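Number of protein chains: 2
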Amino acid sequence: MEQDVRKDRGAMLPRDLTRSVMVGDVAVGGGAPVTVQSMCNTKTADADATLAQIVQLADAGCDIIRATVPNKESLEPFARICEESPIPVVADIHFDYRLAMGAAAHGAAALRTNPGNIGSFDKVYAVIDAAGEAGCAIRIGVNAGSLDLAVAERAELTLPEKLVASSVSFVEHFENRGFTNVVLSAKAHSVPVTIETYRALSRELPQVPLHLGVTEAGTLRQGTVKNSVGVGILLAEGIGNTIRLSLTADPVEEVDVAWDLLSSLGIRRLHPELVSCPTCGRTQVDLISMAEEVSRRLSRVNAPISVAVMGCVVNGPGEARDADIGIACGKGQGLLFVGGEPLRKVREEDMVDELFAEIEARFGV
Amino acid sequence: MEQDVRKDRGAMLPRDLTRSVMVGDVAVGGGAPVTVQSMCNTKTADADATLAQIVQLADAGCDIIRATVPNKESLEPFARICEESPIPVVADIHFDYRLAMGAAAHGAAALRTNPGNIGSFDKVYAVIDAAGEAGCAIRIGVNAGSLDLAVAERAELTLPEKLVASSVSFVEHFENRGFTNVVLSAKAHSVPVTIETYRALSRELPQVPLHLGVTEAGTLRQGTVKNSVGVGILLAEGIGNTIRLSLTADPVEEVDVAWDLLSSLGIRRLHPELVSCPTCGRTQVDLISMAEEVSRRLSRVNAPISVAVMGCVVNGPGEARDADIGIACGKGQGLLFVGGEPLRKVREEDMVDELFAEIEARFGV
Chain B
1 MEQDVRKDRG AMLPRDLTRS VMVGDVAVGG GAPVTVQSMC NTKTADADAT
51 LAQIVQLADA GCDIIRATVP NKESLEPFAR ICEESPIPVV ADIHFDYRLA
101 MGAAAHGAAA LRTNPGNIGS FDKVYAVIDA AGEAGCAIRI GVNAGSLDLA
151 VAERAELTLP EKLVASSVSF VEHFENRGFT NVVLSAKAHS VPVTIETYRA
201 LSRELPQVPL HLGVTEAGTL RQGTVKNSVG VGILLAEGIG NTIRLSLTAD
251 PVEEVDVAWD LLSSLGIRRL HPELVSCPTC GRTQVDLISM AEEVSRRLSR
301 VNAPISVAVM GCVVNGPGEA RDADIGIACG KGQGLLFVGG EPLRKVREED
351 MVDELFAEIE ARFGV
Chain F
1001 MEQDVRKDRG AMLPRDLTRS VMVGDVAVGG GAPVTVQSMC NTKTADADAT
1051 LAQIVQLADA GCDIIRATVP NKESLEPFAR ICEESPIPVV ADIHFDYRLA
1101 MGAAAHGAAA LRTNPGNIGS FDKVYAVIDA AGEAGCAIRI GVNAGSLDLA
1151 VAERAELTLP EKLVASSVSF VEHFENRGFT NVVLSAKAHS VPVTIETYRA
1201 LSRELPQVPL HLGVTEAGTL RQGTVKNSVG VGILLAEGIG NTIRLSLTAD
1251 PVEEVDVAWD LLSSLGIRRL HPELVSCPTC GRTQVDLISM AEEVSRRLSR
1301 VNAPISVAVM GCVVNGPGEA RDADIGIACG KGQGLLFVGG EPLRKVREED
1351 MVDELFAEIE ARFGV
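Protein chains in written order, with the numbering used here: chain B, 1 to 365; chain F, 1001 to 1365.
Think of the hints as simulated: they come from the structure by calculation, not from any bench.
Just so you know, not all the hints are guaranteed correct.
[What the hints assert, rightly or not] Okay, derived cross-link-like pairs now, DMTMM-like style, lysine to aspartate or glutamate, Cα gap no bigger than 25 Å in a straight line:
1) Lys1043/F with Glu349/B
2) Lys331/B with Glu1073/F
3) Lys43/B with Asp1286/F
4) Lys1331/F with Asp96/B
[Unchecked claim] Derived coverage of chain B by chain F (criterion: at least 3 residues anywhere in the stretch with Cβ under 8 Å from a Cβ of chain F; other residues may be distant):
5) 32-44
6) 225-233
7) 286-297
It should be emphasised that the depicted structure is a prediction, and the values quoted were computed from it without experimental measurement.
We put the CB at the ideal spot given by N, CA and C, even for glycine.
Next comes chain B alone, as it looks inside the complex:
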């Protein structure tokens, strides 16, 4: 199920108007669904560990994965990773243009590079030409933490202006070289800076697909909040073609949070939606544990249904009736609803199993 909450307003979204760039067999931009990315934190030299993590991430719904290529010794294992990965693999390259050229020749679906730390434009052009020859895309990855010195020192510019100036200049260099197979990111750890930067990029470079993310966003909770609000505001405005939500945490969490964000905005949905109340002094069942268990089991159900698990009589029957399947709890028991109709009472200890038995019976998942 793909739907976009703003489609009904009749406007073309900025993200539908960009070029389409292929990263392996996954389209980015030009009206394609917003894709979910993450990055391995295994050593690339350990191809087995990296491939195991990629499989885990792909199972969680990751569309495109990135791995660092920090040295020559990583190139052979990187080639094997590209060959055996179930999803396209992007090579993350810093400082050394020969590694970028090597990664292109060794099967990368795309290169992620910050031209600002590659050195001279001759070296950048060599990378562009190698990517062109190999048919691989390039993500230009500008970052507030590693701005080109010439731009960083321009005191008359704000940080968003610096990020935009850097990005526009790089894209122009690439296009002048005849290379348009480009995705762009310009990341910062500040949410307001991120929003202002990407709004400007979408205006100034409407042809270029944008990769969104709040970078160095912190640990699980703070990083989830910063990415949800920062990336979410942009997505809701129709800006952004692919997302990577950086968390200082297991990369699988990044993918789960990304899907929760896309689902929340009605942009793209993979798993069922869980409607569950915050509990209060009225609640007479162990709702937090129950909802956590339901949430865990729903993450293995690939169907865009809605499931309500509600604690009391105030909003419980309304929400349970409104969902595809729901339970409104009372004291030690609950009333099971399916398709808006009350079905039967179930005991607290049987609720979760009965809920999933009904999900299986009704929705075949």
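Following the hints, position chain F against chain B.
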């Protein structure tokens, strides 16, 4: 430190233009800082447990707390809770107008009630008059899960239109009765419905302070995402005076997420900001554990400084230099920066302690 990212654009924010409503000694609306609310999930009849939870929530930064008053027997313990609570207490009332009147008389700073489930307007007027006499405010809490039947059945209206129609009608009844000490919420579990509803409320009832939240938002991760994006989009537009982020989780999590959201948008800050990278195949220290420990210890530091904990040489030195205090890690060690200057190398096992020793020495916290 109070700052608003949109102030520099010169526009008055919708939230600055509302009336100011006092909930106990805490101002809501009329340009007051956006406040953080939560709700106890203890039994109100157990005043000791409820007060213990309130103290814990107040310590975490909760400005206003709500407790349910589900029956007559809760009124005496509720009165003690109001008397001993360090923050204003709102009584959550459903169905029974006599409980609302009782809570007003027993010391509630505000009543939260949905006029749609109180019954006739005569009963609602009795509640209004009792609140007026006791000097307590009322939050009108409209909810998609418990809409007034007459409105719920109007098939020509969308759900946001139903929530707005209900809200406008209730506010008019209150104002016609001469009662303007009102805060309004109109919650749904859908993020797009929430956004559309509150945008309309802010246009149609510009005088009324708005209490924002995505309700029944689900368990910790999904609820954090839905509230961050839904409430975040509204706050960034200058809509909303007080927030309660519903999570099916420990209420302390709601308060922590709320503060992360306000900080992310630069609206209000309580704790330091942590800048930490997502780790990758370049990282040569155990950064996830380190960042989690730093995050935990920073939550006890009440100063709006920025702290960077970065994994490698790509963006590490830039971000560590940019923060008030930071560490850029290499292999088994890191470089400590203070105020933009490199200070000294520290060993991996000493990093966190050295970081906090510097925070204490430099910022006195």
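Hints versus structure:
{"no.": "1", "hint": "Lys1043/F with Glu349/B", "in the structure": "22 Å, holds"}
{"no.": "2", "hint": "Lys331/B with Glu1073/F", "in the structure": "18 Å, holds"}
{"no.": "3", "hint": "Lys43/B with Asp1286/F", "in the structure": "13 Å, holds"}
{"no.": "4", "hint": "Lys1331/F with Asp96/B", "in the structure": "20 Å, holds"}
{"no.": "5", "hint": "32-44", "in the structure": "holds (count 6)"}
{"no.": "6", "hint": "225-233", "in the structure": "holds (count 7)"}
{"no.": "7", "hint": "286-297", "in the structure": "holds (count 5)"}
Of the numbered hints stated above, none is contradicted by the structure.
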